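A.B. asks: Here the structure of chain A is known, so what remains is to put chain B in place on it, guided by the hints.
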Amino acid sequence: MYPALLKELLRNRSALTGLILLALVMCAATLGHVWFPGDPWDMVGTPMLWPGEDPANPLGTDIMGRDMATGLVSGAKVSLLIGLVSTLISAVVGITFGALGGFYRGWIDAFLMRVTELFQTVPQFVLAVVLVAIFKPSVATATFAIGIVSWPPTARLVRSEFLLLREREFIQAARTLGMGDGRLILTQILPNALPPVIVIAALNIATAIQTEAALSFLGLGDPNVMSWGTIIGNGREQVVDAWYICGLPGIAIVIIVLAFSLLGEGLNDTLNPHLKER
Amino acid sequence: MQSRRFLKLAAVLGLALGVAASHPSIAQTVGDAPVRGGILNVNIPTEPVGLNSGINTTMFIGEVASKIQEGLIAFDADLQPVPSLATQWEVSPDGLTVSFDLRKGVKWHDGKDFTAADVAYTLKEVWQKLHPFGRSAFGNVTKVETPNSHRIILTLSAPAPYLLNYINAYGAPVLPRHLYEGTDVVNNPYNQKPVGTGPFVFKEWVKGSHIRLERNPDYWKAGQPFLDGIIVKFIPDVSARVVALQSGEVDVVVGNALPVTSLRQFEDKSRYTINLIDGNYLATIAFAQFNVRSAPLNDKRVRQAFAHAVDRNALLKVVYLGYGKIATGPVPSSVTKYYTPDTRQYAFDPKRAAQLLDEAGYKAGANGKRFRLRLIHDGAAGSPLSTRTAEFIKQALAKVGVDVELQAPDFATMLRHVFTDQDYDILVSSMHRLPDPTLGVQRIFWTQNIRKGVPWTNGSGYSNPHLDAIMEQAAKEPDEQRRKAQIREWQQIVQEDVPLLELVEPVWITVSSARFKKLALQADGLFSSYADAWLEPRK
Numbered sequence: 001m002y003p004a005l006l007k008e009l010l011r012n013r014s015a016l017t018g019l020i021l022l023a024l025v026m027c028a029a030t031l032g033h034v035w036f037p038g039d040p041w042d043m044v045g046t047p048m049l050w051p052g053e054d055p056a057n058p059l060g061t062d063i064m065g066r067d068m069a070t071g072l073v074s075g076a077k078v079s080l081l082i083g084l085v086s087t088l089i090s091a092v093v094g095i096t097f098g099a100l101g102g103f104y105r106g107w108i109d110a111f112l113m114r115v116t117e118l119f120q121t122v123p124q125f126v127l128a129v130v131l132v133a134i135f136k137p138s139v140a141t142a143t144f145a146i147g148i149v150s151w152p153p154t155a156r157l158v159r160s161e162f163l164l165l166r167e168r169e170f171i172q173a174a175r176t177l178g179m180g181d182g183r184l185i186l187t188q189i190l191p192n193a194l195p196p197v198i199v200i201a202a203l204n205i206a207t208a209i210q211t212e213a214a215l216s217f218l219g220l221g222d223p224n225v226m227s228w229g230t231i232i233g234n235g236r237e238q239v240v241d242a243w244y245i246c247g248l249p250g251i252a253i254v255i256i257v258l259a260f261s262l263l264g265e266g267l268n269d270t271l272n273p274h275l276k277e278r
Numbered sequence: 001m002q003s004r005r006f007l008k009l010a011a012v013l014g015l016a017l018g019v020a021a022s023h024p025s026i027a028q029t030v031g032d033a034p035v036r037g038g039i040l041n042v043n044i045p046t047e048p049v050g051l052n053s054g055i056n057t058t059m060f061i062g063e064v065a066s067k068i069q070e071g072l073i074a075f076d077a078d079l080q081p082v083p084s085l086a087t088q089w090e091v092s093p094d095g096l097t098v099s100f101d102l103r104k105g106v107k108w109h110d111g112k113d114f115t116a117a118d119v120a121y122t123l124k125e126v127w128q129k130l131h132p133f134g135r136s137a138f139g140n141v142t143k144v145e146t147p148n149s150h151r152i153i154l155t156l157s158a159p160a161p162y163l164l165n166y167i168n169a170y171g172a173p174v175l176p177r178h179l180y181e182g183t184d185v186v187n188n189p190y191n192q193k194p195v196g197t198g199p200f201v202f203k204e205w206v207k208g209s210h211i212r213l214e215r216n217p218d219y220w221k222a223g224q225p226f227l228d229g230i231i232v233k234f235i236p237d238v239s240a241r242v243v244a245l246q247s248g249e250v251d252v253v254v255g256n257a258l259p260v261t262s263l264r265q266f267e268d269k270s271r272y273t274i275n276l277i278d279g280n281y282l283a284t285i286a287f288a289q290f291n292v293r294s295a296p297l298n299d300k301r302v303r304q305a306f307a308h309a310v311d312r313n314a315l316l317k318v319v320y321l322g323y324g325k326i327a328t329g330p331v332p333s334s335v336t337k338y339y340t341p342d343t344r345q346y347a348f349d350p351k352r353a354a355q356l357l358d359e360a361g362y363k364a365g366a367n368g369k370r371f372r373l374r375l376i377h378d379g380a381a382g383s384p385l386s387t388r389t390a391e392f393i394k395q396a397l398a399k400v401g402v403d404v405e406l407q408a409p410d411f412a413t414m415l416r417h418v419f420t421d422q423d424y425d426i427l428v429s430s431m432h433r434l435p436d437p438t439l440g441v442q443r444i445f446w447t448q449n450i451r452k453g454v455p456w457t458n459g460s461g462y463s464n465p466h467l468d469a470i471m472e473q474a475a476k477e478p479d480e481q482r483r484k485a486q487i488r489e490w491q492q493i494v495q496e497d498v499p500l501l502e503l504v505e506p507v508w509i510t511v512s513s514a515r516f517k518k519l520a521l522q523a524d525g526l527f528s529s530y531a532d533a534w535l536e537p538r539k
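One line per chain: the protein sequences are A and B, in this order. So the first sequence is numbered by our numbering: it starts at 1 and just counts up by one. So the second sequence is numbered by our numbering: it starts at 1 and just counts up by one.
Only chain A is shown next, with the shape it has when bound in the complex (with noise of 0.2 angstroms):
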């Protein structure tokens, strides 16, 4: 099955699209220190440098004379480690909410149900912000919090296609062969589900690695790590002066979400049957 979906993918525009952006930036956060070594705090440069200004700094020095570049680098490697692990985070959360509604219904539902709406009727960000605020904002609770607020939509969905598909007759004929519950859900059930739960996951990542820009924005980042909402934090007091400490990282989130919200697009094309004509 996979190699034929990765084949359907190819041929998909947007998310083969998607994928080379995407491997555009994974170079740059696994092999991007090659290129541009050492610790992105390091101040190397007279502060302010433009990009091509100085060819030992190529994309330019911060207000502090930091590199532009391997502060980049550095923020690629953040925000996909902060949007794959606070993704996988809130697939676990939300699975295991949603496959034991749906598939016990009853009470339990209604229990985990209410838990799922009072964390949907505060909005994703503010708890954030709360949640990294009361812990110390470090890269672990900012991934941490950013998982926890970001499960609700991914338990929905799950519990519906877990709903659907306890009904249908392959799922009746393992459970009259005597399954037990445990394999039913792991098994037969979610494997079935998972096709929607991908394509949320995709764009979830993408929301993520927002998230943690606009966290490190206000100050509530891992002041020990250098992401990219950190630098454009740091940068908007000299938005007039020097714009590009803002853009260059403003334009590399943009490249990442839209690298993410291509593939989970296209992945959305080929796993959802009633697109298949499209």
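No lab work stands behind these hints, which were simulated from the structure alone.
On the chain B side, residues computed to face chain A include the following (Cβ under 8 angstroms): (1) Q265; (2) P384; (3) P409.
All values derive from a computational prediction rather than experimental measurement. Glycine included, C-beta positions come from ideal geometry on N, C-alpha and C.
C.D. replies: Just chain B now, kept in the frame of chain A:
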């Protein structure tokens, strides 16, 4: 090209600050041909919660209330007291009696006469009871007498030589007794619509937008104020403030409301004036405070090593863009009466730092690291300069093998970590040292001021009985020369032990249109009454 502009700016600044003592902005702001009329638009960063500096020392309150209410004295550009509501004052030779002659013919904005009874009431009921600094400033006052309606005599239990360095419109504003007596001062409605004796009369306060003040036609100083009125506008966003000044929507932006990084846009002297002395009264110093309660920071050599490891010249240049001075000790250089540079100084010398750390027994491990510390700062609470200073120190200490973990919690959490839980290693922040060391500096080092849970007390936990004795003596020393000597020794002890690494004396920056003029600059210009201010006509 950009970098050349930056270097040029740095050079210009360097020159300007080299002669900072002679106040380069005086020539630009001070004029001698006042023009009558016109409305001055002033921007302050944040809307105040009330307009009574007598009960709340938030600067934004003082920046507005000082136009409406007055203190007994004001300060000139060198922090020397000049008459305001008091025309002259006298301290008895033993320092135990202070008397003031009050100005005659002064009227409150509601028409009632200003008398000594107003001063006596405010001193006893407001300054002594409710004012955060006043409680210690007026702590020694045991008796207040008003022999006639324009004379007031204070009797002290011990000399309080710092009194005269403090009582301006911000530190001790005089309130109208007839509106406050017998009421709950803190909740008195006149805190929102103040009645004073000052050059401007409160007219309206549109919350979220502006406060409007009008000329007081009966002001005691004949011919003043020159302006017809003042409108104080609140503009919360930094970029909006920059634009407001450029477009002429506001004429003056006070109290560091414009970040140093934006000042390049206001370099043109024909259009703008940058005034750097308005906050000398506050005498702020940015510092790195060490928690000396536990290892390794309980070792003096480690703290001295850190002092050698931080290149404060580079810090001043990179973080403060040159707007300030290197701090040489706990008393800022603007407090000219007591300041001495004759203390132990720590030149930037990473080798010496490494050597001191070795001597203290903290040798570098195989990975080049000696130990790890946490550094907490108030950057997340809206001080971008603290964030950058903290990042700078982290890099500097990394070079001598000390790993620093930055922490930037919200303001309340930071205060709790430092002053309540005492669970931190280094704090980067800044504190006002005020014009007198007994009021503003002693609190940082005094053993008795290690007070759990009280912000901005002795948070380092530093305790030195010898220094305590000197500070307590200086607090009640009536002889000016001896007091100077005591405060000099105090500075020397502190610089030897470095419980705080004093980094930079930042300047308080007022940026105004070049049309804005005054007869004289003041070291407490943030809290200037603007009676002598005017706007030159547009050219």
